[in-house]
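Novice: Read top to bottom, the protein sequences are chains A and B. Convert by adding 34 to the 1-based position in the first sequence; the result is the number in this note's numbering. Convert by adding 34 to the 1-based position in the second sequence; the result is the number in this note's numbering.
Quick caveat, the hints were computed from the structure, so don't treat them as lab data. Be a bit skeptical, because a hint or two may be false.
The list treats identical chains as one, so a pair stands whether inside a single copy or across any two.
What the hints assert, rightly or not - Lysine to aspartate or glutamate pairs mimicking DMTMM-like chemistry, simulated, CA-CA at most 25 Å apart:
{"hint": "1", "residue 1": "Lys294", "residue 2": "Glu237"}
{"hint": "2", "residue 1": "Lys294", "residue 2": "Glu64"}
{"hint": "3", "residue 1": "Lys169", "residue 2": "Glu133"}
{"hint": "4", "residue 1": "Lys159", "residue 2": "Glu115"}
{"hint": "5", "residue 1": "Lys213", "residue 2": "Asp89"}
{"hint": "6", "residue 1": "Lys290", "residue 2": "Glu198"}
Here the structure is a predicted model, which is why all the values come from computation and not from measurement.
There are 2 protein chains.
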Amino acid sequence: MVYGRNMKLSIVLSTQTAQFQAATFKGDLETNLASIASLGYEGVELAIRDPKLVDLDHLYELTCKYNLKVPAIGTGQAWGEEGLSFTDPDPNVRQAAIERIKSHIPVAARFEAIIIIGLIRGVVKPGVNDEQAMKWLIQALRECSEAAQPCGIRLALEPINRYETTLINNATQGLELIKRVGADNFGLLLDTFHMNIEESVIEESLRVCGRHIFHFHVADSNRWYPGAGHLNFGSIRETLTSIGYQGWISGEFLPKPDAKTAAQKSIIYLRQI
Amino acid sequence: MVYGRNMKLSIVLSTQTAQFQAATFKGDLETNLASIASLGYEGVELAIRDPKLVDLDHLYELTCKYNLKVPAIGTGQAWGEEGLSFTDPDPNVRQAAIERIKSHIPVAARFEAIIIIGLIRGVVKPGVNDEQAMKWLIQALRECSEAAQPCGIRLALEPINRYETTLINNATQGLELIKRVGADNFGLLLDTFHMNIEESVIEESLRVCGRHIFHFHVADSNRWYPGAGHLNFGSIRETLTSIGYQGWISGEFLPKPDAKTAAQKSIIYLRQI
Chain A
35 MVYGRNMKLS
45 IVLSTQTAQF
55 QAATFKGDLE
65 TNLASIASLG
75 YEGVELAIRD
85 PKLVDLDHLY
95 ELTCKYNLKV
105 PAIGTGQAWG
115 EEGLSFTDPD
125 PNVRQAAIER
135 IKSHIPVAAR
145 FEAIIIIGLI
155 RGVVKPGVND
165 EQAMKWLIQA
175 LRECSEAAQP
185 CGIRLALEPI
195 NRYETTLINN
205 ATQGLELIKR
215 VGADNFGLLL
225 DTFHMNIEES
235 VIEESLRVCG
245 RHIFHFHVAD
255 SNRWYPGAGH
265 LNFGSIRETL
275 TSIGYQGWIS
285 GEFLPKPDAK
295 TAAQKSIIYL
305 RQI
Chain B
35 MVYGRNMKLS
45 IVLSTQTAQF
55 QAATFKGDLE
65 TNLASIASLG
75 YEGVELAIRD
85 PKLVDLDHLY
95 ELTCKYNLKV
105 PAIGTGQAWG
115 EEGLSFTDPD
125 PNVRQAAIER
135 IKSHIPVAAR
145 FEAIIIIGLI
155 RGVVKPGVND
165 EQAMKWLIQA
175 LRECSEAAQP
185 CGIRLALEPI
195 NRYETTLINN
205 ATQGLELIKR
215 VGADNFGLLL
225 DTFHMNIEES
235 VIEESLRVCG
245 RHIFHFHVAD
255 SNRWYPGAGH
265 LNFGSIRETL
275 TSIGYQGWIS
285 GEFLPKPDAK
295 TAAQKSIIYL
305 RQI
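Extracted from the complex, chain A is given alone in its bound form (with noise of 0.2 Å):
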């Protein structure tokens, strides 16, 4: 069962503010991170712009005062305020992109916990052509692949909606992807917001990704707390069950009416149904 009592439940929260708009938590870090806790979740998902700017052993620290653990850690801050991907024409941006990666690994290591590659792998950009665009990708995820591996961690693709990335939308793209990265420890974070756009069945698709879906998110079709929209998570939740997903279920959705509210009502639906 992963729904239920038994399942491990998260949230994401940022530790810089952030214009991301679905990490549900921002501001304060110890404040947010009572809150959390307090709301019943077992884990928090930390959105990190800049390990260098984080005081880990203090991150760290608090994250154990509150009993809270870290399942996965989101980089995609580093593309939204800085411009840093995997497929950027500029060479220096690319090699950045993959050098920031890279120093999320002991951040990762300290916290067992999985790097996600969502928005930092980028898009096409203009005079860029898709097979280009891809290569570049797969010799960016070969490369940090193989820098966490003697670490024991692991990355996660999330396949991101048309309407915010052209590389990587679904589940089938993701799974072709893996194919050409060829790394054990690559796999994909799936997100039942973009499924619902992107996915032709849900259900279908991740009984397709079985064990390769590594972390997973989720919001509703409107991408607020789950029980606001029209997603089937009661289906969602079997299927799950059915591929013997262990990992946890994350919520990444935004923060409507307000942060507390929304991470309120997503664990009390999802404990229940």
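Using the hints, position chain B against chain A.
Specialist: Relative to the frame of chain A, chain B by itself:
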């Protein structure tokens, strides 16, 4: 019964080569009209960037030749390819957008078609506040509705998902706009692709909009033809029937795997459910 043998099915056709990806048919006009009619469609929704560029008599004759009605005229290419909008900070651009929509009135009158207000409403541009944009939008819609009224022509604004515009994303906002515009010949065009992203419960939004629904677009959750995704068109059909919707069901979806296959699969699917 809205779907089934008695429902009125149309499909979007661009009269000019257009960038807009979800216009199913593009290219040679007569070839496409023949193709659409041969598939069993009773109507064709025409996307027209600028009525000045269209030979109206010829267009009318062609649709008569293939026995196709024209339930609605799409106007969004004026935004996509010329940047015209009701909410541009430049008053000349706003005025040009209003004049463009007014220039569609004789076309709409010839076909007894609805004029669609899609992306030409614009987005809230930098330096413009939301309420100012809404005021410009309402003013433009009042002016256009008033000009269309003596010809018995109706205007329908399409709520469009958050990624494509910041103005009027959902049914609630659409109904609020209708109140503020206050014209009997101004209503809504609802589109299942956008509703999948924006409406909490699609059927509930249909019921709330009721008689204000002037026109209806179908595409599946992934913007492919109906049947290619996970929307429940049976339930949508039942709801449209229950609220007494008498308008057209118009296919606006991606030409995938190709235009003709998509159009064919859509009509077969919609006729059988």
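Novice: Taking the hints in turn, state whether each one holds.
Specialist: Quick rundown of the hints versus the structure:
no., hint, verdict
1, Lys294 / Glu237, "neither (29 Å within a copy, 29 Å between copies)"
2, Lys294 / Glu64, "within (14 Å within a copy, 57 Å between copies)"
3, Lys169 / Glu133, "within (18 Å within a copy, 48 Å between copies)"
4, Lys159 / Glu115, "both (17 Å within a copy, 20 Å between copies)"
5, Lys213 / Asp89, "neither (36 Å within a copy, 53 Å between copies)"
6, Lys290 / Glu198, "both (21 Å within a copy, 21 Å between copies)"
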